[in-house]
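Residue numbers (the working numbering), protein chains in the order written: chain A, 1 to 116; chain B, 1 to 630.
Hint data in this document are derived by calculation from the structure and do not stem from the laboratory. The reader is advised that the hints may include incorrect statements.
[To be verified] Computed spacing ranges between beta-carbons, pair by pair:
#1 Val-90(A) / Gln-177(B): 58 to 64 Å
#2 Arg-629(B) / Val-90(A): 46 to 52 Å
#3 Arg-629(B) / Gly-61(A): 57 to 63 Å
Idealized CB from N, CA, C, for every residue including glycine.
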Amino acid sequence: MKLLYLLALLLALVGTLFAGIAYLAPFGNTGVDGSLGALLALVGTAASAGGIVIVLTTSLGRPLLITLYGLIILAAILTSVAAYFLLQLVVMGAMAATVIVLVIAIALRPNRRITP
Amino acid sequence: MTRTTLLLSCALAGLFSAPSWAQQTSWTSFHGDIGSTKFSDTPSFTPQNVGNLERAWDYRTGDVSDGSGDLPETVWSATPVYANETLYLGTPFYRIIALDPATGLEKWTYNSDSTLEALTQPALKNRGVAYWESGQVGVCQKRVYLGTMDAELHAVDADTGLPCADFAQGGVLNVNQWNTVNDVFPFSLLQPPLVVGDTLLLGWAGMDWEYSVAPPGNLLAIDAITGELLWEASFIPEELIPRTGTANIWTAMTADEELGLVYAPISSPSPNYWGGDRLDPIPLATSVTALDIETGEIAWSFQHVRHDIWDYDTPSAPTLVDIQRDGQTIPALVQATKQGFLFVLDRRTGAPLFPIEEREMPASTAEGEVASLTQPFAMTPTPVGSPLEFPGVWALADIVSFGQCSRDRDRYLYQGIFTPPSEQGTLFYPGTAGATNWGGVAVDPRSGILYVNASRIVQVIRLIPRAEYDALNPEGGGNEEGYSPQLGSPYGIHLTDWSNWLGMPCWKPPFGTFAAIDLNTGERLYETPFGRAQFEGFYGLESWGTPTIGGPVVTSGGVVFIGASVDSHVRALDAATGQELWSDLVEAPAVSIPAVFTHEGEDYVVFAVGGNSILKPEVSDQAVAYKLRR
Chain A
1 MKLLYLLALL LALVGTLFAG IAYLAPFGNT GVDGSLGALL ALVGTAASAG GIVIVLTTSL
61 GRPLLITLYG LIILAAILTS VAAYFLLQLV VMGAMAATVI VLVIAIALRP NRRITP
Chain B
1 MTRTTLLLSC ALAGLFSAPS WAQQTSWTSF HGDIGSTKFS DTPSFTPQNV GNLERAWDYR
61 TGDVSDGSGD LPETVWSATP VYANETLYLG TPFYRIIALD PATGLEKWTY NSDSTLEALT
121 QPALKNRGVA YWESGQVGVC QKRVYLGTMD AELHAVDADT GLPCADFAQG GVLNVNQWNT
181 VNDVFPFSLL QPPLVVGDTL LLGWAGMDWE YSVAPPGNLL AIDAITGELL WEASFIPEEL
241 IPRTGTANIW TAMTADEELG LVYAPISSPS PNYWGGDRLD PIPLATSVTA LDIETGEIAW
301 SFQHVRHDIW DYDTPSAPTL VDIQRDGQTI PALVQATKQG FLFVLDRRTG APLFPIEERE
361 MPASTAEGEV ASLTQPFAMT PTPVGSPLEF PGVWALADIV SFGQCSRDRD RYLYQGIFTP
421 PSEQGTLFYP GTAGATNWGG VAVDPRSGIL YVNASRIVQV IRLIPRAEYD ALNPEGGGNE
481 EGYSPQLGSP YGIHLTDWSN WLGMPCWKPP FGTFAAIDLN TGERLYETPF GRAQFEGFYG
541 LESWGTPTIG GPVVTSGGVV FIGASVDSHV RALDAATGQE LWSDLVEAPA VSIPAVFTHE
601 GEDYVVFAVG GNSILKPEVS DQAVAYKLRR
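Produce the complete structure using the sequences and hints provided.
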C-alpha cells in the first residue's frame, strides 16, 4: 500500500520537475516560461507532492486525513487541467496519473477499527 | 466551390506556370517579388512532407530591447531577403546582417550608427532591407539598402557591407532634406524601398495621431546608384496643406514593370480620428493609387474610404493577379484593407472588377465633424474577418467581470462599421489594427486563389475634448492604443481594446482567422480560426483563434507558411483546406513575413522572430531557418 503512495509521490515530483522546467525554461523557451499560469502549475504540483509527503510521514486523524486527501486530489486535478491549457502535456499526464494512483491507494487502504 | 473542387484547382494550378514576376526561387523583396504575391515556386514543400521540417539553424542578431532599460522597445518585423546567394536581415537597431543561408553564419555586418530613439513610433521598428543589382561586376554593382528611424537611407555593397561611396554622401542619403513642409517629425524609413529597375521608390512613416498639421504625404523616387531625387509625387491638395498632412505611404508598394506603374497604398490624413479641419475632399488619401514609374504622374486612383476618420490606412501593398473573366485574362490587382474588404481592380485603369456598393453611413456627433454620407463596400470577394457582423458580447468574459462587458455594450455607440468616433465612446469594429494589416495577402498566380490572415478585434475609441485631455496630461501617445493628443484639433483620443478588468476580450471569438478566396469568382473557399490566443500563459481553445500581425507565403507545392500569431508559433498550413500541418515554438510572436527560397538546391523557409507588444509583451532577436529533413 505504501508503494502506491510512493508511486503517487513520484508522479507528482515528475510533474513538479516538468512544471519547473516550463516556468523557469532552463533549456530554452517553453512558450509559458515566466507566466502566471506556469507558476500556478508549479505551485499545484509542488503542493500535491507536499500533501502526499504529509500523508506518508504523519499520523493524522480521520477527518483531517480525508480533508487532506480531498485537497491533494483537487489540486492534482486542477493542475492537470491547467497543464492542458498550458500545452504542458507531461505535467498534465503526470498529475492525472497522480490522481488515479492516489484514488486507488485510498480505495485499497485498510480500514482501521478500534478493537474493544 | 467544394473542397474536392478546391483540391482539384490546386492540382491543376501545378500544370500552369506562374507569370514572370512570380517565377522565383529567390526572395528579393519584402513581399517576395515586386508583384507582392508572396508566392514561392518551391515545389518540394508539400502537405505530405512538410511535417518533416527541421531547424536548419537559429541566429540571434543581438538587436533587441524590451524597453525596460535605456533603449525603447524593439518591434522587429523584417522579411529576410534572399539574393546574391546570401540572406540579408535589417534589424531594429538599424544594422544590416548578411548570413550564409545554409548555415546561418555571419558573412558581414553593417552598422548605420543611427540614433536609437523612438522618434516617430512607440518602438524601434524595422521591416528589413532592399536589394538591387546592376547585372554588372564590380564594387557596389550589387547593393543592400537600409532605412533608419531618423530618415537616412544607407547603401552598402552586397558582398562586403562597405558603404557605396557613389550613393549620396558616402553611401548615406539624408531623406529628411525633402521634409520641408510642416516638418514636425522626421521621415522615418522603417519599410524598405521598392526596387524597380534602377529606381528606389520610397515612402515614410510618421505620427498621424500626434498632430493635425503634419508633413504632407508623398512618394519619392530615388536613383539607386547616385541617390539623386528623380521625382516626387504629393498626395495632399496644396490648399489643404496648412490644415492637415500625412496621407503617406508607410507600408510596402507594388509595381508592374510591363505597364510601367507603381501601385501606392496611401494612408489616412492627419489627425487620424477627427477631420473637422479637412472637410474638403482629399481624393488620394486612403487609396490605392497608380503612378508612372518614370515620371511620377498619377495614372489612376481608387479611394476606398471617404473622409477617413478611423485610421483605416491602406495597410499593405496591393498584389498583382491575372483574373480570368469570360475567356479573357485581365491584368488586375487585389487591395486588402483594414475594413476587411478586398478590392479587385483592373491594374491598367483602376476600374473595379466586382460591383462596389455605396452605402449610407451614420453621421458624426463630434464638434465640427462631418462624416462622409456614404462609403464604398466590396461584398465580392467575400470580406475577410466578418467585418459587418459585430461579434457580440462574450459570455465568458461577461460572467467573469460580473456584467462589465454587457454594460459597456449598452454604454458605447455602435452603428455598424464606419461608426464615427464620439465623446460617448464608440465600439470600433474592425478596429484600427484592422481585419488585415501590413502583412497583406498571398496569391497563387497560377490559380488566382488568395490567402490571408485576418484579425477580429473590437476597440473602444473616445474623443476627449481638448481641455479635458490636457487636464488628464497623459504620458505618451501611440497609434494602436492608449492616449494620443491630435494636437491642433479639438480632441485628443483614447483608444484601447474592448476588454474587461481582467484583460479578457469582451467580444466573442474567433479573434483571428485564415481564409482562402478565389479571386476569379470572388467566392470564399474557407475561413477557419487561426492560431491560439494566450493569456497569462494559458492557451485558448483552437476555435478562438488569435489576432495576427504579419503575412503568409504560399508555395507551389500547396503549403502556406505563416508566423503572425500571438502564441509564438510558426506554422505550415495546407493551402487547400487551411488545416495546420506543422508548427514550431519560437521565442516570441513571429510578426513578419517569412522568406521561402532555394539555395544550393535546397529549399528553406526563414522567419524573423521579433515580437510586438500589441500582441504580447515578448520580444526577440531570433532568425530561424527550416528545411526538410533528409
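Comparing the hints with the structure gives:
| no. | hint | result |
| --- | --- | --- |
| 1 | Val-90(A) / Gln-177(B): 58 to 64 Å | 60 Å, holds |
| 2 | Arg-629(B) / Val-90(A): 46 to 52 Å | 24 Å, violated |
| 3 | Arg-629(B) / Gly-61(A): 57 to 63 Å | 59 Å, holds |
Of the hints listed earlier, the one the structure fails to meet is number 2.
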